[in-house]
Structures are given as C-alpha cells and as structure tokens.
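J.: Sequences are here, hints too, so could you generate the full structure?
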Amino acid sequence: MDIRRVAFDHPDAVELNDEVQAEYAVRYGDDGDVTPLDPSMFEPPLGLYLIAYDAEDRPVATGGWRTQDENDEGYSDGDAELKRMFVIGQARGNGLARRILGALEADARAAGRTRMVLETGNKQPEAIALYASSGYEPCVKFGHYRFHEDSRCFAKPL
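Residue numbering for the sequence shown follows UniProt numbering, beginning at 1 and increasing consecutively.
Calculated directly from the structure, the hints in this document are not laboratory data. Every residue gets a Cβ at the ideal spot worked out from N, C-alpha and C, and that includes glycine. Do not take every clue at face value.
[Said to hold, decoys possible] Computed list of lysine-lysine pairs in PhoX-like fashion (alpha-carbon distance at most 25 Å, straight line):
1. K141 - K156
2. K123 - K141
3. K123 - K156
[Stated by the list, open to error] Label pairs and their in silico Cβ distance ranges:
4. T35 - E15: 16 to 22 Å
5. D2 - E149: 36 to 42 Å
6. G112 - G29: 37 to 43 Å
T.: Next up, the structure:
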C-alpha cells in the first residue's frame, strides 16, 4: 500500500468521505457525521489527511487529524482529533487502519500535540476494538456529538 498526504477536498478524499457517510447513514439511520469540517483544518502543521492506495492506485483507506485546543466543546489544550478513519469493505482486515492510525499519531506528536482524541459510535464495534487495542481509553465526551447517547469518546497520550 502507498499512503499519501492529500488535501481533505482532494477528489479521492471526497469519494471516500461519501462512502463512509453512506455507511454511517446505514448504521445509525441518519444523514451521517455532520461535524463541521473544513479542508484547512487538515493542512500541516495544524493537521494531516492521508489516503492509502492499492497496487492499482485505487483509494482504499483514509484518515486525518486536526488540531484542537481547549474550547466549549470539551477539548483540551494539545489535543489532536482523529477524523474520517475509514477502510473500504474490500480492503478491510489487512491492517490499513492501524497503519494510518500509527502515521497520524506520529505526525501529531511531531507537530507538538500531546493527546490524540476521537469520537466514534456504539454501532461501530470494529472501530472501538481498533482503538482499544491501540491504547485508547474511554474519556469524557467532547465535540459535536458529546450529548448523543450513541457517542463514544476515546483518548491516548502522545
């Protein structure tokens, strides 16, 4: 796999984002994740967005992080928030999410961030298992979905 830095509004990123949103809609019976995101949030040194490409140069996995600091949504100074982690169905089970997660953690650490945080949902047991096995622990809820019953928040010191 070839993991590349891309812009959040790159056509391949948009395509994968549409696919993950469709999956969220099926799992949760809604319109997907409506957290406000802007491409500038993922531009270094404030963040990073990655896509993994297979041998045929097809985009198969994605993930990014963005800077967060203390605010009224429950973030803390030094936070890096993980967003849009996703692997297409045909590419799952090959360790791609773990590779992207590791690259994002390393980049956030190098950018001076001290904690990686993420929000997922209780209808994504695969994601929860990945994060738990990667050292993430439940934390106080934060972000756009902090008041939603299905929301689960995790954190890991960097």
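J.: Taking 36 to 42 Å as the hint, is the beta-carbon distance of D2 and E149 inside that range?
T.: holds, 39 Å
J.: Can you confirm whether the C-alpha distance between K141 and K156 stays at or below 25 Å?
T.: Cα-Cα ~14 Å, so holds.
J.: Check the hint pairing K123 with K141 against an upper bound of 25 Å on the C-alpha distance.
T.: holds, 17 Å
J.: I want to verify a distance hint. Is the separation of the beta carbons of G112 and G29 within 37 to 43 Å?
T.: Given a distance of about 39 Å, which is inside 37 to 43 Å, the answer is holds.
J.: I want to verify a distance hint. Is the separation of the beta carbons of T35 and E15 within 16 to 22 Å?
T.: holds, 19 Å
J.: Could you grab the alpha-carbon distance between K123 and K156 and see if it respects the 25 Å cut-off?
T.: holds, 21 Å
Consistency with the previously given hints is maintained throughout, with no hint failing.
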